[in-house]
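Participant: Sequence:
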Amino acid sequence: MQIKRSNISNLFYDSENNLIDFFALDKQNLIIISFGGTPQEIMQLQSKQYLEAETRRYEQRTVDGQKAYAKISAEFRLAKLAGLITEQAHGVIEKLLINVRNEILAGQWKSGLMELETLGNAIIGVDLYNRLHTQISDYVTISY
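Oh and the sequence shown: position 106 is 111 in the working numbering, straight run, nothing missing.
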């Protein structure tokens, strides 16, 4: 049996161009193993696996965004109850951060960071800005 190696990755074919073994470890640490199939079938399989992996990452980023937003909302509520901020001040802050919030809730943490940086710290204050910036930046560094 004649075996030839593909230039796509670690793909090996027999003389009839049937895939006999496949192994790949990409930058997302996906391991794909398959037996039999044409190069086109393998590419479709890879595309599907990449899409599924990316979908899972976005689902996790969305869940993480909901948790982060719930935590900051709870902190604002406790600050209002303790008399540290007024209802009016909280409403203003919420309106200013709405674009940041929407991006984070959608799992778009990088876009949320850009929205926060566009907003800046002049209106929401240095402490809140720095805290949010650190939280979002750290998440982006770890999760992307």
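Keep in mind that the hints were calculated from the coordinates and are not lab data. Glycine residues also receive a C-beta, built at the ideal position from the N, C-alpha and C atoms. Check before you lean on any hint, since a few could be wrong.
Here are the simulated PhoX-like pairs of lysine-lysine, each with C-alpha atoms no more than 20 Å apart in a straight line [unchecked claim]:
1) K100 with K85
2) K72 with K115
3) K100 with K76
Label-pair restraints from in silico Cβ distances [what the hints assert, rightly or not]:
4) Q65 with N107: 16 to 24 Å
5) E64 with L101: 36 to 44 Å
6) Q93 with R61: 39 to 47 Å
Participant: Confirm or reject each hint.
Facilitator: Do the hints match the structure? See the list:
1. The straight-line distance between the Cα atoms of K100 and K85 is roughly 16 Å, inside the 20 Å bound, and the hint therefore holds.
2. Between K72 and K115, the direct Cα distance comes to roughly 17 Å. Compliance with the 20 Å bound is thereby established for this hinted pair.
3. For the given pair, K100 sits about 17 Å from K76 by alpha-carbon distance, which is consistent with the 20 Å threshold.
4. The hint said 16 to 24 Å for the Cβ distance between Q65 and N107, and at roughly 18 Å that hint holds.
5. Between E64 and L101 the beta carbon distance is about 28 Å. The supplied range of 36 to 44 Å is therefore violated.
6. Between Q93 and R61 the CB atoms are about 41 Å apart, so this pair conforms to the stated range of 39 to 47 Å.
The structure is inconsistent with hint 5 alone, although it conforms to all the rest.
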